[in-house]
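Could you build the full structure based on these sequences and the hints that come with them?
In case you want the letters, here they are:
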Amino acid sequence: MIGFGSSLAVFVDAPLLVDAFGRFFQPDTLARLLVEGLGKAAIYFIIAVGLTLVFGLMGVLNFAHGAFAMLGAYIGGVLLVVGISSTTGSGVRILLFIAVAAVIFALLTAFGSALEVGLVRPIYDRTPMYQILLTFGVGLILEETARILTSARGIQPEPTWTAAASTIPAVLDARYSILGANIRGFYLFAIAAGALVAVAVWAFLTRTLYGLYIRAGSEDAEMVEALGIDVRKAFTIVFGLGTGLAAVGGVFLIWDPTYGPSVLLNIDVLLYAFVVVVIGGLGSFKGTLAAAVIVGVTDSLTTWLFNTGIVPFPGLSEVTIFLLLVITLVIRPQGLYGIEEVGGH
Amino acid sequence: MDTVTDTTAAHARDDEHWLREYAREHVPHLLVIALFAVYPPIYGLLLRTPLSAEANAFLPGTTFLIAMLFLGLFAMSFDFISGYTGYLSFGHAAFYGVGAYFIVLVANGDVPGIPAGTPFVITMIVGGLLAFGLALAIGAVSFRLSGVYFAMITLGFAQVAYELVRNWNYVAVNPQDGPTLSGPTPEIGIPYVDSVSIALGRLAGDSFENVLGLGIDISATLTSYYAIGAVVLLSYFAMQRLIHSPFGRVMIAIRENEERAAAIGYNVFWYKMVAFGFSAFFAAIAGALFAAFSRGASPDETFYFLVTADALIVTIVGGIGTLAGPFFGTAFYEWLEDILSSEQGGLAPYLRGILPDGVLTADIAGITIADLINTVVDGRAPLFLGIVFVLFVLFVPNGLLGSVRDRLGNTVGKYVGGRLERYRR
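From first to last, the protein sequence lines are chains A and B.
The numbering of the first sequence is this note's numbering, which starts it at 239 and goes up by one.
The numbering of the second sequence is this note's numbering, which starts it at 4 and goes up by one.
Be careful, since some hints might not be right.
Partial chain A-side listing against chain B, Cβ under 10 Å, derived [to be verified]:
#1 V376
#2 L434
#3 L567
Partner residues are not named here, just some residues of chain A that face chain B (Cβ under 10 Å, in silico) [as the list claims (entries may be wrong)]:
#4 G297
#5 Q369
#6 L378
#7 E381
#8 L562
Calculated pairs, SDA-like style, for lysine to any residue (alpha carbon to alpha carbon, straight line, at most 25 Å) [what the hints assert, rightly or not]:
#9 A/K524 to B/G150
#10 A/K471 to A/G356
#11 A/K471 to A/D363
#12 A/K471 to B/L397
#13 A/K471 to A/A438
#14 A/K471 to A/A441
#15 A/K524 to A/A401
#16 A/K471 to A/L574
#17 A/K524 to B/S149
#18 A/K471 to B/V393
#19 A/K524 to A/M461
#20 A/K524 to A/T474
To be clear, the hints were calculated from the coordinates, so they are not data collected in a lab.
The beta carbon of each residue, even a glycine, is placed where N, CA and C say it ideally should be.
In structure tokens form, the structure reads like this:
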């Protein structure tokens, strides 16, 4: 057995370190990592924004959120596999993908609304723990159902369903040289989608009547109710929309080179979404956007740093993400844009 | 939730010796212990009767019984902090992992300063103390928060530990699969006294033949069952003692109304810290028992978030805020798992054996009954447990033991004690 000293020496290799730092600060590497980070951030944002809206309005920490993304990935995967043959062109594939995302958004929004009315509504008056427990149970059931269905159809439930992941069009799988940086097309696609979703959600919140109800309900649900507005309807809508958005994020994960449809998404996505919403401040739209960018870029930078020579310790990128969560909670429990009095005493 | 009133009939006669009253209140404990003690031999006997197929399918086998013990202890330790102080410890798996990894690493000679031959009981307790210290460190920053935020920060700490352990090649050649115990077989008993030490494990453990000349053989697995059971029992009584002490009263006060507890003058921060430490200690003991029995530990079975989630589920099913409840919840979970897996008997092999071939191969919309059994029954405990869990959250929020207490209006021990007292007269 090797001792502590010698095992640590394995981690840090001096000439390699200098070399890696040299490569790190080359503008093309940095630019590539930044754009990839933004691509990741876009998907994290699409998934996490529903979680933060649900918490902001109802105070429910939705532990089934990852399962909704998983459902989106699987159902989307089925539709893509059915609709795309090896001869389908890239343009058709992307159009089909957008159609699939829209269908899944509608389906899962309805599903989420039904879930809210049927299961979550009866327990609003209980302590937050029971809502955590209930949604976690729902997530567990969804994950197991996915396992049963996939293995019944002869698909490996984990690690990933490659048939669905490989429907990615050549246009998005290829790398493009932009300002000297070598960027995978998928990330640009994700950034565009993320920006679109961000604008849409922002417009919904600030430019529509229901958005107004939701923002008011997040401030003071009782007061909104006293003004004669059926805040329960807003609850249902927000829970539905959150579910739908998580599922759309799941659809994007199908083509994401680091994910792909698998039942593992349930927990993986859930934990990352938690990190994003907690850092941004639970219930804050702006915070979630900022935190998604922070987490996405950190993820991309640290993944590169810890896989490419400086410190060959692949887990450190995840460690960094969770440390971000811990440090945020220690220094600023309410998150970047959260409301002061939640969290601490 | 369960403020225990001491106005039961047991107090009616003040002249009675306190020990008798005490003993009466432990009658339910004795019954449960007796049940667990005599169950394996009875199970063994049933397997030799014509009912063997049913017994094998529907009664928990011995490996699941042992898992019941250490996972039950872990769930109880989780409930100790979460159910009694109201602070949901979402990173509890980290302490379980510390206990498990510590005994494996010590036994493999990988911990500097502690020789590989250190008796298991000592390393188990040292591992527990280590977890206690870790809990104090985590608690020092985490107890500044409450509610959902406390759950999140403890989860964050546990995930950091999980990712570190999963990738650190010092702990194992393949850290993703975790280390295997390569040293001597762990023994439970008095350290350095060989005659009162019992080796654990399915293969390398001690076994006894023809015990006391009664013609009863105790296999290695069964020996481990009793030895681990003894440790779990001791731990349970230690936690029970803590909860019924003035210290435990303050824990409950913190759960019910922390501000009031602080206003009365209790230093709630340190009460929470120490309670967290104790719960981490017992979680580590549970982890050590797990690693000793299965001769190894993997990150996914110890440090992972889902390990905490399992404890949470059984705690709710058994009754949060009741110490024994999580244990019964675990028993239920493991029983369900045994029925629905084909590792030791189980429903799927039973159905395959009992149903005639014509039924098994009957084709319904392209799927045969046999396929249905394989996909929906075999190894599907998490699905059914998830459904049971959601139903419990909705309709039985106090869990099994909590609901029984509500019905009786008191703890089971006090109730039975009071009843016995009445019948005695």
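Hints, verified against the model:
1. V376: holds, 6 Å
2. L434: At 29 Å from the nearest chain B Cβ, A/L434 fails the 10 Å test, so the hint is violated.
3. L567: This interface hint holds because 4 Å falls under the 10 Å limit.
4. G297: holds, 9 Å
5. Q369: holds, 9 Å
6. L378: The hint holds - A/L378 has a Cβ within 10 Å of chain B, the shortest such distance being about 4 Å.
7. E381: holds, 8 Å
8. L562: holds, 9 Å
9. A/K524 to B/G150: Holds. A/K524 to B/G150 sits at ~23 Å (cutoff 25 Å).
10. A/K471 to A/G356: Given pair A/K471, A/G356 holds - Cα atoms ~13 Å apart, limit 25 Å.
11. A/K471 to A/D363: holds, 16 Å
12. A/K471 to B/L397: Roughly 21 Å between the alpha carbons, so the hint for A/K471 and B/L397 holds.
13. A/K471 to A/A438: holds, 20 Å
14. A/K471 to A/A441: holds, 19 Å
15. A/K524 to A/A401: Not satisfied, since the Cα-Cα distance of roughly 36 Å exceeds 25 Å.
16. A/K471 to A/L574: violated, 29 Å
17. A/K524 to B/S149: holds, 24 Å
18. A/K471 to B/V393: Holds, because 23 Å separates the two Cα atoms, which is no more than 25 Å.
19. A/K524 to A/M461: holds, 24 Å
20. A/K524 to A/T474: Answer holds: A/K524 to A/T474 is near 22 Å, not above 25 Å.
Violation of the numbered hints given earlier is confined to hints 2, 15, 16; the remaining hints are satisfied by the structure.
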